[in-house]
Structure formats: C-alpha cells, structure tokens
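Asks: Take these sequences, add in the hints, and give me the full structure.
2 protein chains.
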Amino acid sequence: VINAGKSQHNEDQACCEVVFVEQRPSPRGWLSSREGSGELDGGRKGLYFHYWALFDGHAGSGAAVMASERLHLHICEQLRDLVEILQDPSPPPICLPHNTETDSADPNHMSYAEDHGEVLNDAVPQIHLEKAVSHESLVIGAIENAFKHMDDQIERERASQHLAGGCCALAAIYLMGKFYVANAGDSRAIIIRNGEIIPMSREFTPETERQRLQFLALLRPELLGKEFTHLEFPRRIQPKELGKKMLYRDQNMNGWAYKKIEEDDLKFPLIFGEGKKARMMATIGVTRGLGDHDLKVFSSNIHIKPFLSCFPEVRVYDLTQYEHCPDDVLVLGTDGLWDVTNDKEVAGVVMEVLTSYEPNDPCRYTMVAQELVVRSRGVLKERGWRLANDKLGSGDDISVFVIPL
Amino acid sequence: VINAGKSQHNEDQACCEVVFVEQRPSPRGWLSSREGSGELDGGRKGLYFHYWALFDGHAGSGAAVMASERLHLHICEQLRDLVEILQDPSPPPICLPHNTETDSADPNHMSYAEDHGEVLNDAVPQIHLEKAVSHESLVIGAIENAFKHMDDQIERERASQHLAGGCCALAAIYLMGKFYVANAGDSRAIIIRNGEIIPMSREFTPETERQRLQFLALLRPELLGKEFTHLEFPRRIQPKELGKKMLYRDQNMNGWAYKKIEEDDLKFPLIFGEGKKARMMATIGVTRGLGDHDLKVFSSNIHIKPFLSCFPEVRVYDLTQYEHCPDDVLVLGTDGLWDVTNDKEVAGVVMEVLTSYEPNDPCRYTMVAQELVVRSRGVLKERGWRLANDKLGSGDDISVFVIPL
Numbered sequence: 001v002i003n004a005g006k007s008q009h010n011e012d013q014a015c016c017e018v019v020f021v022e023q024r025p026s027p028r029g030w031l032s033s034r035e036g037s038g039e040l041d042g043g044r045k046g047l048y049f050h051y052w053a054l055f056d057g058h059a060g061s062g063a064a065v066m067a068s069e070r071l072h073l074h075i076c077e078q079l080r081d082l083v084e085i086l087q088d089p090s091p092p093p094i095c096l097p098h099n100t101e102t103d104s105a106d107p108n109h110m111s112y113a114e115d116h117g118e119v120l121n122d123a124v125p126q127i128h129l130e131k132a133v134s135h136e137s138l139v140i141g142a143i144e145n146a147f148k149h150m151d152d153q154i155e156r157e158r159a160s161q162h163l164a165g166g167c168c169a170l171a172a173i174y175l176m177g178k179f180y181v182a183n184a185g186d187s188r189a190i191i192i193r194n195g196e197i198i199p200m201s202r203e204f205t206p207e208t209e210r211q212r213l214q215f216l217a218l219l220r221p222e223l224l225g226k227e228f229t230h231l232e233f234p235r236r237i238q239p240k241e242l243g244k245k246m247l248y249r250d251q252n253m254n255g256w257a258y259k260k261i262e263e264d265d266l267k268f269p270l271i272f273g274e275g276k277k278a279r280m281m282a283t284i285g286v287t288r289g290l291g292d293h294d295l296k297v298f299s300s301n302i303h304i305k306p307f308l309s310c311f312p313e314v315r316v317y318d319l320t321q322y323e324h325c326p327d328d329v330l331v332l333g334t335d336g337l338w339d340v341t342n343d344k345e346v347a348g349v350v351m352e353v354l355t356s357y358e359p360n361d362p363c364r365y366t367m368v369a370q371e372l373v374v375r376s377r378g379v380l381k382e383r384g385w386r387l388a389n390d391k392l393g394s395g396d397d398i399s400v401f402v403i404p405l
Numbered sequence: 001v002i003n004a005g006k007s008q009h010n011e012d013q014a015c016c017e018v019v020f021v022e023q024r025p026s027p028r029g030w031l032s033s034r035e036g037s038g039e040l041d042g043g044r045k046g047l048y049f050h051y052w053a054l055f056d057g058h059a060g061s062g063a064a065v066m067a068s069e070r071l072h073l074h075i076c077e078q079l080r081d082l083v084e085i086l087q088d089p090s091p092p093p094i095c096l097p098h099n100t101e102t103d104s105a106d107p108n109h110m111s112y113a114e115d116h117g118e119v120l121n122d123a124v125p126q127i128h129l130e131k132a133v134s135h136e137s138l139v140i141g142a143i144e145n146a147f148k149h150m151d152d153q154i155e156r157e158r159a160s161q162h163l164a165g166g167c168c169a170l171a172a173i174y175l176m177g178k179f180y181v182a183n184a185g186d187s188r189a190i191i192i193r194n195g196e197i198i199p200m201s202r203e204f205t206p207e208t209e210r211q212r213l214q215f216l217a218l219l220r221p222e223l224l225g226k227e228f229t230h231l232e233f234p235r236r237i238q239p240k241e242l243g244k245k246m247l248y249r250d251q252n253m254n255g256w257a258y259k260k261i262e263e264d265d266l267k268f269p270l271i272f273g274e275g276k277k278a279r280m281m282a283t284i285g286v287t288r289g290l291g292d293h294d295l296k297v298f299s300s301n302i303h304i305k306p307f308l309s310c311f312p313e314v315r316v317y318d319l320t321q322y323e324h325c326p327d328d329v330l331v332l333g334t335d336g337l338w339d340v341t342n343d344k345e346v347a348g349v350v351m352e353v354l355t356s357y358e359p360n361d362p363c364r365y366t367m368v369a370q371e372l373v374v375r376s377r378g379v380l381k382e383r384g385w386r387l388a389n390d391k392l393g394s395g396d397d398i399s400v401f402v403i404p405l
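Protein sequence lines correspond, in order, to chains A and B.
With UniProt numbering as the guide, the letters of the first sequence map in order to residues 1 to 405.
With UniProt numbering as the guide, the letters of the second sequence map in order to residues 1 to 405.
Incorrect hints may appear among the rest.
To be verified - Subject to a maximum C-alpha distance of 30 Å in a straight line, what follows is the list of computed DSS-like cross-link-like pairs (lysine-lysine):
(1) B:Lys226 x A:Lys6
(2) A:Lys305 x B:Lys131
(3) A:Lys344 x A:Lys148
(4) A:Lys391 x B:Lys131
Keep in mind the hints are simulated off the structure, nothing from the lab.
Replies: If you want it as structure tokens, here you go:
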C-alpha cells in the first residue's frame, strides 16, 4: 500500500491469511448418518483456504479496517456447514434433514398443475428433474452470503465502534484447487498467464449498474425523495428548456432517444456524469461495497444505501485446468492502480520485473507489487506527482497483491 | 420456414424489406435553421434501411403475424426525426428546440450542490461536461422504442384484430454501413466470418433473466398473487419437509446456499426448471417478446405480462471495419433451428454448401437456408422425425435467414 496523503490512516486496507475451516459439530442428523465413511481422520475435520483481500475505503477508513479484520472469518463461518459436502465427490444434497428422519421427498411431486388438480396441457409442462447444483456454486453462495453478513455486522457495530464510511471489497479465495475472486466495487483482479490477460472481475459503478439502479428507482420512487428523476440525461436540464426535446434513456434502454422535457425532468438525474466522474445521486461513484449505512445525499435526508449492493460477483478460475509457469500471477489492485496503469501496462511490468530475477527468488513477486505501486504514484515534481509519461500520478491510495499461480 | 405441424398457420413468421425513411416535415425550428447546408437534394429527404426479421409465435400466430407486418414501420417512424441528424457528421444535438429560439443552455449549470446553494466539497464533485452521445446510440434507441410501440399496438388492437398469444422478435437492420441486430426472446443471430463465429444476440429466458425477475418479484410481491415465491429452489418442496434445510438462491446470488424451509417456501418458485424446460411462473419459457397481454398463470388470475420485457438487446456490427469475402454471412434463426443444430454445426453447413456453388451464383445463400432447415427437421422414420445422427429432429417451426455480408 502507498498512502496518497488524503487521510492519515490508510483508506486502503488489506488482509492475507490461511484460514482453517473447522467442520461444525453435528451430534445427529445428516452428518452422523455418513460418519462411517472414514474419509476423514480422527482429528478435527476441516479444510483450509488461502485468502487475499483489498478494501478501498471512502469517507473514512472504519468500514475498510473492520472488513479487513473480519471478512475472512465470515467466509469461514459460511463454509463450516459445507466441509463434508465439499469433500464428498458425489453431488451436494439438495435437502438436508434437520433431525434424524431420512430425506424422502418424492421427486415426482413437482408440477404447478398437479398441485391445483388440473389436467396437464402444453402450457404447463410437467417438470420432473431436480436441478443439478455443483460444489463450486455452493462455495460461491457461501462467499456471497459472507459479504452480506459482513455488511450486517458493520451496520450493527458502526455506532459502538465509530465506523465511518464504506469500502469496496475485492477478495481472492484459493480453495481445493480453484481461485474464487469476489468483487464488490471498483477494484480489479486480472490473471496474467503466459503474457495473456484474463479479467477476473468487473467494476460496479453508476454507469455499469445504471439499469439496475434505474429499475429500483422506478419501482420505489419514494427512495428518490422528490429530488431525483430515474431518467438519465446527458446533461442537467434548465427550467427555461421546458417543452424542448432532450436526449434521455430509461431502465430499459441502452440507446438514447429524444423526449419532450416535462416538469419532472427538471429534477437531478439519479445517474449523472461519465467515467470516473459518474455519480449516483450526485454522491457516490461505486455502487457495490460494504458499509455506507448512514450515507445521505448532501444536505438532504435521502439515503443512498438502498441503492448499494453488498453482494460481490464471484468468478472462478480452475488452476487444475491449465499448465502454469513461475511467471503466471493473479494481480489484485485498488482503483488507485488501475486509474493510471491499464491491464496491459501491468502485464508489462509483471513480465519485466519477474524476468529480472531468478525464477526461484522468493522476493520477485513482492518486487513486482512494489514496482507497480511506485510507478502508479509517480515522482514529485514542481507540478505534483508525475508518471514516467509526465501524466499526473494517482492521487489515491494504491494497493496491490501479486500472487503466483 | 418449415411448419412443424403443431399449428395450421405458421407460428413462425418473417419479414424482409427495404424501407425508405422519409424525413418528417418540419416547417420551423432546428431543421429549418440548418436548411442552407445543401447536403440533401431538392427531392424528398430521407434514407434507406434493409430489414430482415423473424417472429416466433406462441399460443397462436396472431402477435407474430401482426409484428411481421408492422415492426419495420415502427422502426421507420422512430427514425423519421433522426434523418438529418444521422446524415450530419457532427455529434447529435443533446437538446432540440421545439420552436425557433436557439439552444442556449448554460453547460456550467449542472451541479446538484450549486442548485442547493451549498459550498462544494469532495463528496459532491462539480460536473461540467455533457455526455457524448453517438449516432449509433440514437439508432439503438430508435429500435428499442419501436419494439415498445409495436407491443403497445398489439395491446390496443388485440381485441378487434383477434390477436392471440405473443412472439419472440429478432430483427436485423442494415443502416449506413452497420448491422443492428435486435433480439427479444430466444431466437439467435450469428455472423460467420472467415469460418469464425461471432455471436450477435443472446437468449432471454427465465434462466438468463432470473435476477431481473426475482428482483421485480421481491419489490412487487403483489404480482405473485400469493401463489409463488421469488426464491429459486432446485426442486419443489413438500409440506412435510418444513424445518429441513434446502438449497436456494435469491435475486442477489449466483451461487447456492442452504436455508431452513419455512411456510412461505412451500409456494411454487417464480423460476423453475432447467434449460429448455425452464419456466417462469410455471407458464412461459421466454421472458422477452411482443404480445402476451392476456397471458395468465394456468387456472388463476395472475398476469404474466408485468414480468415480460418487450425491449430488445441491440448489438452493432460495423461492416466497414472488416474485409468480407462472399462466404461471410449473418444467420438469423428461431429456436427450432438452434435447439437441434449448434453454432458450429450451422457454420459447417454454411461453408459446406457455399463452397459447392459458384461464388457468383445468386441461389447459394438460399440453398444454405434450405439445407439448414431441412437438416434440423430431419427425416420421418418409424420413431418420428430423426436427424442424421438419429437424434430427434426439431418438433418446432424452423425459420432461417442467411444474409451475405
């Protein structure tokens, strides 16, 4: 991490851990019925995951600090019920009995029409099969719910712990041969494999989530407090333009069309601005993350949180599917890095630095991370921090993990 | 088209037209202010587009027939106000005056904070720029709104015209050097260029649109009529399973997790089934299209239409960006084709048939379409229509356009 000097305490926070997930004790029920399998040794049953995460705080470091201390514990907690299921190669059970009775659901009892005592016809097909659910999707579900529990904990403890602000969260979990990369916010992860760039996340901003946000605003107009319109306009409309035709788009549209300006269109657009300057409700530039429970529109009583999602998008990379060389890495970075250094430049630095060290030098990955951060910060000149190309360096905290595959 | 014999009148309908878009007369205002430009000749001002579309009807052919007769006219209507703007290389105007007064908006008046007489700070960045809107995105907006107007017309005229059912709509519009491919439903378009497959659409089904549908159901539970739950389960839950733990996912999740089964979970899931058998509200397998205004859940008063979207996704292919050979084509097909013949097989047939004709034989593209349809139908044997690999042929109407690029 490099602190940009915006705040005394880093707004970027990070965590790197090896976590042991101990199977939850289960005196009876599904687990005991399988106890004779002998797959696991007599000690404490469980599994390990490796964990790296970056938290880019805003409006204070409180949420970022707490998330960096706890998110992996929430992931561990969500995985505790899955230890035996994940280690069993057979498909995960759809239903777990809560007591000793055996699971005897009739898989043929499944049609809406049957329930209603009607004769089946073409419009109501009979569906007999169970949907297959993979082990991988259980891990994804566990990570998704862990983010939700983390957000709930920040909400509960924000008063007593004096937690200010919110944070983006980007986490990489290595479990049973696969990397799970979970992202909520505008940090980014890429894999560089044999010089090729494989995106492992996408950014969640007012622009990328426009249609979700506009849809919510349309269905729950009371959340806009009469100050905002759910329509997007390319610029603010002035009262004297009433009756003219203006370009707009709504929650259904990706293109633009003209509409006659009405009174309601004079409100401020829910989504406004472009690129790094895009804001939701004129306030925030990221639309997923943790915290922000008290965030309101400037000098108003309109809450932002209902529009924010704490759920990450999780992408999976199966390490066993590819051959990897010592120069193949997973790079995690906050927007302080990516705002000034693009994927290709990062891949260039990775290859340049790694090839300048012996393949078995344990420091080479650390040196890449350091080089990425230093280059993105730039050098202090008379006209501020400047990059090698004389453009302005990142004015933001910069954090990077470089993880060999 | 091959009629599968499910209905006397084809449920698949098609249209292929060259359409002239005549500029809307505008005696005063923005258009007259530019009249001296002399870009256009003295005759009727306008532009042409080429148009191909497939409409796959369900529960009757009425909506499909009407859409095949009218959708291109709605697209034409939406484009009429854009004729001059699209032909002008300068960026489209953000605002059009409705009278002779000139556009004099102050681009610096745009900040939420300024409006509220507050001092600016970090949280409320000042945004001064207009968003750039491309010509292309105006065409996309015009097509999107044309689909909406088409759907509205079906709603208005369904009683007097005896229009039954609904339809998927897939349209390819060639305008000013670009193909715009608009899809609402489960038809599909691909480009085959130099043997490479370029997807030009994606399907909209209960599975691909699950999160949008669950989000709507969560925010508007009254639309579910107490019969459905917005949660997804891998199979139907039985009353005696109350209290057990079942896999589920909600509108935020892509993975699965276990939850304790409660009373409310015994309702039928909004989204149920897998692949071609996935249904929304146990009724319909496509979630975008035209019509279906009267569609209800079997033997209930629950309307399906609020969950359906009539808006297409529009993808753009710029013909001027690539070199094309006479074997490069755009293929449009209804699901009757794609259910039994995948992208790669279609590309194989295209190449096989095209190379068996002289490059300048005008029939060669028609022969490809015919071959695709006939192969997907199969041959009538004792055990029904069979494909070359002895699998069952498509039991659905099959329609294909093969369009040289």
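Asks: Given the proposed pairing of Lys391 (chain A) with Lys131 (chain B), does the C-alpha separation stay at or below 30 Å?
Replies: 24 Å, holds
Asks: Under the criterion that the straight-line Cα-Cα distance not exceed 30 Å, is the pair Lys305 (chain A), Lys131 (chain B) satisfied?
Replies: 26 Å, holds
Asks: Next pair to validate is Lys344 (chain A) with Lys148 (chain A); report whether the Cα-Cα distance is within 30 Å.
Replies: Not OK: Lys344 (chain A) and Lys148 (chain A) at ~33 Å, beyond 30 Å, violated.
Asks: Sort out whether Lys6 (chain A) lies within 30 Å of Lys226 (chain B), counting only the CA atoms.
Replies: 52 Å, violated
Consistency note: the structure conflicts with the earlier hints numbered 1, 3.
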